[in-house]
Amino acid sequence: VQLQAFGGGLAQAGGYLRLSCAASGSSFSINVMGWGRQAPGKELELVAHITGGGSTNYADSVKGRFTISRDNAKNTMYLQMNSLKPEDTAVYYCFIDFSRVTYWGQGTLVTVSS
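Its first residue numbered 10, the sequence shown is counted upward by one per residue in our numbering.
Because the hints were derived from the structure by calculation, they are not lab data.
Just so you know, even glycine gets a beta-carbon here, dropped at the ideal spot from N, CA and C.
Don't take each hint at face value.
What the hints assert, rightly or not - With beta-carbon atoms standing in for the labels, derived distance ranges:
#1 Gln47 to Gln89: 14 to 24 angstroms
#2 Thr76 to Ser38: 18 to 28 angstroms
#3 Pro49 to Asp80: 29 to 39 angstroms
#4 Gly73 to Ser35: 14 to 24 angstroms
Unchecked claim - Subject to a maximum C-alpha distance of 30 angstroms in a straight line, what follows is the list of computed DSSO-like cross-link-like pairs (lysine-lysine):
#5 Lys72 to Lys51
#6 Lys51 to Lys94
#7 Lys94 to Lys72
#8 Lys72 to Lys83
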């Protein structure tokens with residue numbers, strides 16, 4: 010299982026970014042996928058996850074601003090981040106639960122300037 014995240018960068022507060030995570034190595038249409046983030050000096054925070062059926066869950070800190078989605082045909086997951094805040098600055102990692110193991114991709118840095 011390999012995960013590759015794309016789409017990080019610099020945004021202004023109030024702006025938006027869209028992250029993508031491409032999974033390879035198998036078919037993952039039934040698996041839970043999601044995003045976590047780690048800000049400097051802080052612990053990893055689970056941001057959102059989505060089941061194979063499309064059910065979603067969000068951290069309170071991003072509810073109403075972030076939207077997670079997936080395209081099972083492409084083995085790809087997305088995180089649309091709107092109304093960005095400086096406190097959203099972090100390295101964002103995608104993950105997938107597969108055969109009772111959680112796999113993490115490499116991170117992509119999101120920086121939000123005030």
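Could you check the structure against the hints above and give me the numbers of any it violates, in ascending order? 4
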